[in-house]
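J.: Modelling step: build the complete structure from the supplied sequences, incorporating the hints.
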Amino acid sequence: MRWRVRVRIMPRQGILDPQGQAVAHALGSLGFAGVAAARVGRTVELALDAAAEADARDAAKRMCERLLANPVTEDFVVDTAEAIA
Amino acid sequence: MKVAVVRFPGSNCDADAWHAAKDAGHAVAFVWHRSTDLGGADVVVLPGGFAYGDYLRAGAIARFSPVMQAVEAHAKAGRLLLGICNGFQVLCEAGILPGALARNAGLSFVCRWVTLRVEATDTAFTAGYRKGQTLRAPVAHGEGRYVADEATLDRLEREGRVVFRYAGDNPNGALRDIAGITNEGRNVVGMMPHPERAAEALLGCTDGAALFAFAGT
Chain A
1 MRWRVRVRIM PRQGILDPQG QAVAHALGSL GFAGVAAARV GRTVELALDA AAEADARDAA
61 KRMCERLLAN PVTEDFVVDT AEAIA
Chain B
86 MKVAVVRFPG SNCDADAWHA AKDAGHAVAF VWHRSTDLGG ADVVVLPGGF AYGDYLRAGA
146 IARFSPVMQA VEAHAKAGRL LLGICNGFQV LCEAGILPGA LARNAGLSFV CRWVTLRVEA
206 TDTAFTAGYR KGQTLRAPVA HGEGRYVADE ATLDRLEREG RVVFRYAGDN PNGALRDIAG
266 ITNEGRNVVG MMPHPERAAE ALLGCTDGAA LFAFAGT
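Those protein sequences? They're chains A and B, same order as listed.
FYI, in our numbering the residues of the first sequence are 1 to 85.
FYI, in our numbering the residues of the second sequence are 86 to 302.
Because the hints were derived from the structure by calculation, they are not lab data.
There's no promise every hint is true.
[Said to hold, decoys possible] A partial selection of chain B residues facing chain A, derived with a Cβ cut-off under 8 Å: (1) G138; (2) R142; (3) A158; (4) A236.
[What the hints assert, rightly or not] From the derived model, a few chain A residues whose C-beta atoms are all more than 12 Å from chain B: (5) R4; (6) P11; (7) G14; (8) P18; (9) A22; (10) L27; (11) S29; (12) E53; (13) R57; (14) R62; (15) P71.
[Unchecked claim] Using C-beta positions, here's what the derived DEER-type ranges look like: (16) A/E53 <-> B/D254: 50 to 60 Å; (17) A/R42 <-> B/A236: 38 to 48 Å; (18) A/A37 <-> B/M86: 24 to 34 Å.
In this text, a Cβ means the ideal position worked out from N, Cα and C, and glycines have one as well.
T.: Structural data, given as structure tokens:
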């Protein structure tokens, strides 16, 4: 089975996120009221071959731990896994 | 001494590092990132630049280059290893040095001269300086804000492993003004500023030259 797995990587809470601050500021400048904060992370979409959804999710988790996220500055979550073939 | 300057795709301070080491009297060779042989080097330098385009995170992909296994073994054996700017980022990503280099607090790529204070002189890279001495060197980075958890920062301080601190002007928001650190064995140093760009009179400053003496070894 092939799975589309999305992992979301975000700056860790408590770590300064200057990108998010800049985005929040820009939104305010554009007249969008009420933006209390913005945080900017990244999404990585993987096409993964695995026997079952749990295996695909587990593989994505290991990829985050090894490469996709930096444990010092980032948190990650395996968001979705859906069969695509 | 024999010095190896590693070249990753995207390194761009490799020639500068080569020159600074050459001028200090060493035999210097370039080593391509796909090589697993450091040519018996006494000192390895990971130079500045944008290895692999800084994709994902600065240094994140470079740390898995074939050459890095040899570099890790070199460091583990107690041999000298210096990471400058992108090289420092690679060393942190590889876990050879603790912490990480995050996006600059000031939102901008910083490219200017800064003043550094030498905090530790008991490394081969800083033995030519006096403790508390200030020196000038350029910084040029977008992700140079040194971060680590409080326990790690406290440990670095306690063990005297903060090697350089920004004096006055902290260009990136680095925690505790940290510009450079060393490992437990004190044979590895990583720093964001570029001493190789301040290593001869022609460049307007020679403060960085002593670093390449690799003194006390």
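J.: Please go over all the hints and tell whether each is borne out by the structure.
T.: Structure-based check of each hint:
Look at B/G138: its Cβ only gets to about 15 Å from chain A, farther than 8 Å, so that hint breaks. With its C-beta approaching chain A no nearer than about 6 Å, B/R142 sits inside the 8 Å limit, and its interface hint holds. For B/A158, the suggested interface contact is broken, since its CB lies about 20 Å from the closest CB of chain A, more than 8 Å. At about 12 Å, the closest approach between the beta carbon of B/A236 and any beta carbon in chain A exceeds 8 Å, and the interface hint on this residue is violated.
Listed as outside the interface, A/R4 is consistent with that label: its C-beta sits roughly 19 Å from the nearest C-beta of chain B, beyond the 12 Å cut-off. The Cβ of A/P11 sits about 8 Å from the closest Cβ of chain B, inside the 12 Å cut-off, so the non-interface label is violated. Non-interface call for A/G14 relative to chain B: violated, since the shortest CB-CB distance, roughly 9 Å, does not exceed 12 Å. Non-interface call for A/P18 relative to chain B: violated, since the shortest CB-CB distance, roughly 5 Å, does not exceed 12 Å.
A/A22, annotated as away from the interface, has a beta carbon of chain B within 12 Å; the closest lies near 6 Å. The beta carbon of A/L27 is kept farther than 12 Å from every beta carbon of chain B, the shortest such distance being approximately 15 Å. In this structure A/S29 is separated from chain B by more than 12 Å, as the shortest Cβ-Cβ distance comes to about 14 Å. With a cut of 12 Å on Cβ distances, A/E53 stays outside the contact zone with chain B, its closest approach being about 25 Å.
Non-interface call for A/R57 relative to chain B: holds, since the shortest CB-CB distance, roughly 20 Å, exceeds 12 Å. Listed as a non-interface residue, A/R62 keeps its Cβ farther than 12 Å from every Cβ of chain B; the least gap is roughly 14 Å. A beta-carbon of chain B is positioned within 12 Å of the beta-carbon of A/P71; the least distance is around 9 Å. Taken as a hint, the range 50 to 60 Å holds for the pair A/E53 and B/D254, whose Cβ atoms sit roughly 52 Å apart.
Judged by the Cβ atoms, the range 38 to 48 Å given for A/R42 and B/A236 is violated: they are separated by roughly 27 Å. Evaluation of the 24 to 34 Å hint for A/A37 and B/M86 yields a failure: the beta carbon distance comes to about 51 Å.
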